[in-house]
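Protein chains in written order, with numbering that gives the first Met the number 0: chain A, 0 to 338; chain B, 0 to 338.
Everything labelled a hint here was simulated from the structure, so no lab data went into it.
On a predicted model such as this, the values are computed, not experimentally measured, just so you know.
The reader is advised that the hints may include incorrect statements.
Copies of one chain are not kept apart here, so a pair can be met inside one copy or by any two copies together.
In silico BS3-like pairs for lysine-lysine, Cα to Cα no more than 25 Å straight-line [unchecked claim]:
(1) K15 to K139
(2) K15 to K30
(3) K27 to K48
(4) K27 to K123
(5) K30 to K123
(6) K27 to K108
(7) K292 to K208
(8) K4 to K139
There are 2 protein chains.
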Amino acid sequence: MDNTKNILLGHGSGGKLSHDLIDGIFTKHFKNPILDQQSDSAIIPINSKNLAYTTDSFVVDPIFFPGGNIGNLAIAGTVNDLAVSGAKPLYLSVGFIIEEGFPICDLEKIVVSMAMDAQEAGVKIVTGDTKIVDRGKCDKIFINTSGIGELEDKYLNVGSGSGVAPGDKIIINGSIGDHGMAVMAARNELNIQTHIESDCACLNNMISKATSSSNGIKFMRDATRGGLGTVLSELVKDSDYGISIDEDKLTVSESVRGLCELLGFDPLYVANEGKVVMVVSEDDANKVLESIKESPFGKEASIIGEISKDHQRMAWLNTSVGGRRVIEMLSGQQLPRIC
Amino acid sequence: MDNTKNILLGHGSGGKLSHDLIDGIFTKHFKNPILDQQSDSAIIPINSKNLAYTTDSFVVDPIFFPGGNIGNLAIAGTVNDLAVSGAKPLYLSVGFIIEEGFPICDLEKIVVSMAMDAQEAGVKIVTGDTKIVDRGKCDKIFINTSGIGELEDKYLNVGSGSGVAPGDKIIINGSIGDHGMAVMAARNELNIQTHIESDCACLNNMISKATSSSNGIKFMRDATRGGLGTVLSELVKDSDYGISIDEDKLTVSESVRGLCELLGFDPLYVANEGKVVMVVSEDDANKVLESIKESPFGKEASIIGEISKDHQRMAWLNTSVGGRRVIEMLSGQQLPRIC
Chain A
0 MDNTKNILLG HGSGGKLSHD LIDGIFTKHF KNPILDQQSD SAIIPINSKN
50 LAYTTDSFVV DPIFFPGGNI GNLAIAGTVN DLAVSGAKPL YLSVGFIIEE
100 GFPICDLEKI VVSMAMDAQE AGVKIVTGDT KIVDRGKCDK IFINTSGIGE
150 LEDKYLNVGS GSGVAPGDKI IINGSIGDHG MAVMAARNEL NIQTHIESDC
200 ACLNNMISKA TSSSNGIKFM RDATRGGLGT VLSELVKDSD YGISIDEDKL
250 TVSESVRGLC ELLGFDPLYV ANEGKVVMVV SEDDANKVLE SIKESPFGKE
300 ASIIGEISKD HQRMAWLNTS VGGRRVIEML SGQQLPRIC
Chain B
0 MDNTKNILLG HGSGGKLSHD LIDGIFTKHF KNPILDQQSD SAIIPINSKN
50 LAYTTDSFVV DPIFFPGGNI GNLAIAGTVN DLAVSGAKPL YLSVGFIIEE
100 GFPICDLEKI VVSMAMDAQE AGVKIVTGDT KIVDRGKCDK IFINTSGIGE
150 LEDKYLNVGS GSGVAPGDKI IINGSIGDHG MAVMAARNEL NIQTHIESDC
200 ACLNNMISKA TSSSNGIKFM RDATRGGLGT VLSELVKDSD YGISIDEDKL
250 TVSESVRGLC ELLGFDPLYV ANEGKVVMVV SEDDANKVLE SIKESPFGKE
300 ASIIGEISKD HQRMAWLNTS VGGRRVIEML SGQQLPRIC
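Just chain A, with the same shape it has in the complex:
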């Protein structure tokens, strides 16, 4: 990585520039076998058991948006990172960075949202920290959460997808692009009226039921920054298989599709905060799908495609009009400060 340059917004997009920064600076110097796995949660051995451990910072703008606020994101983001690693989320830490002058009533609203989500997800917020910076030195409030979960041995590799094979089916638990477009629409400068709500939700209870219903989910990842497209292109990157997705099977709400067209975004790459991508064996696919559909967060779940022998290391979208296009890794910035 060229360290004479400066940080760009795209370095936080979850796409190619993010990967360059992570590989060129962070994993280069922090190098160790656990970090090198680079999955949603680190797998750490303690007392001869494995725990999942993860962290995320939240800088979303605006901090309140239809369907949630920065506090909901901070709980769901970390709970989901643990859950998609096959872990039962147990404990969270919370670090607040708050701008001088921030209304305490807004802080309390955010904290109440966090407390309610944590309770529903069955996790405890056990430790925290607060820093205040002078006016103008941060944008209202930033929140970091980290989380610890208990990991079942059979899910040690679910984050890497190492068990994925041709013929496996790809499931997502509903529509894509809602979170990103809800936040974009809520930005004052755009002055857009829509009915889009963020899909922000803690998915651990849904995921736990899906894993119980299955013989073994082979891969799980939440489709946050970088969207579904990034999850799929990362999954095939170093693999010996391809991915084939049917555009017809993807759910994109009319409002999300419309706003994406207006603003020039591709829903495939727009952030979600309540969507998990699963890969399961063909035999398992319907059982898992039915289990997911029982959850309030999975009613629109569908099998969107499959793992194929062909086109190794590439993810393809079969478009509604009968064409095909490669789902590339997002290069550069798409939506800054979406979470």
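Mind docking chain B on chain A? Use the hints.
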């Protein structure tokens, strides 16, 4: 807490306003028995063992200062919070929030410092996250770390001080006020020339030797935000004993004393980043002191006072000139963005 008001810088000082915010908003809504302990690290039961778990965000201004940088702080702060809880620090998470335009070479310097400190402390950075915010929306770089450590059962109460009793001795591992004054002197607007260096250091190896040399350290806390004065006033707050400290036994360097006088600060309340306060039984005091003095970070360690039957719930300073004054809890802001 009056939630019609706004956040003040003092809410992050580590003093009384911080306590009001924590009690009035955070513990009120996040309420659970683990969080309610309010010690440096949460004690979490997992797989029938106890772990220590903690988090801190770092927003120091400037990010580079004599004796260290924000990266050194981010490692030492969390490692020390685990160590003073009686835990062996094992794993850290790191979350970066970076301003667009931040020089990648500065980021690399910070990351290299973190990697070196983590290695020396014997901890692994196993998971991380990076967010980039647009120019002007944060001040260069903020870092959050969280950490997990293994806890020996005999140190379950070392953070609360519940075993402390009259006659016990109070030890600190060296001079006070260095970190806070090094950062203040480094602020450009002050244009001050001093030789003060931050004491920022990972103390876990020193603490581990001290605990091995002792029959049981009764209380440990690192004297960071709010300084030594805050640690002492918090320790006696809900107790049935008092504290008596001899000003003569406190080490304050000439440069720190001078700058404190110039700027109107009391070294007792100035932040340290490499100082731990320990309470040990009289029988143990000399053994522990000798063990600490063997560490490069404890050469100037001394017994600074003792726990007394008198003046319950108050900490007293016996001044060099023969007077006495109460060491109160810091009210309001002292030094914003010191860590």
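Okay, the hints, checked on the actual structure:
no.: 1; hint: K15 to K139; verdict: between (29 Å within a copy, 22 Å between copies)
no.: 2; hint: K15 to K30; verdict: within (20 Å within a copy, 41 Å between copies)
no.: 3; hint: K27 to K48; verdict: neither (28 Å within a copy, 33 Å between copies)
no.: 4; hint: K27 to K123; verdict: between (33 Å within a copy, 14 Å between copies)
no.: 5; hint: K30 to K123; verdict: between (30 Å within a copy, 9 Å between copies)
no.: 6; hint: K27 to K108; verdict: between (40 Å within a copy, 13 Å between copies)
no.: 7; hint: K292 to K208; verdict: within (11 Å within a copy, 56 Å between copies)
no.: 8; hint: K4 to K139; verdict: between (28 Å within a copy, 15 Å between copies)
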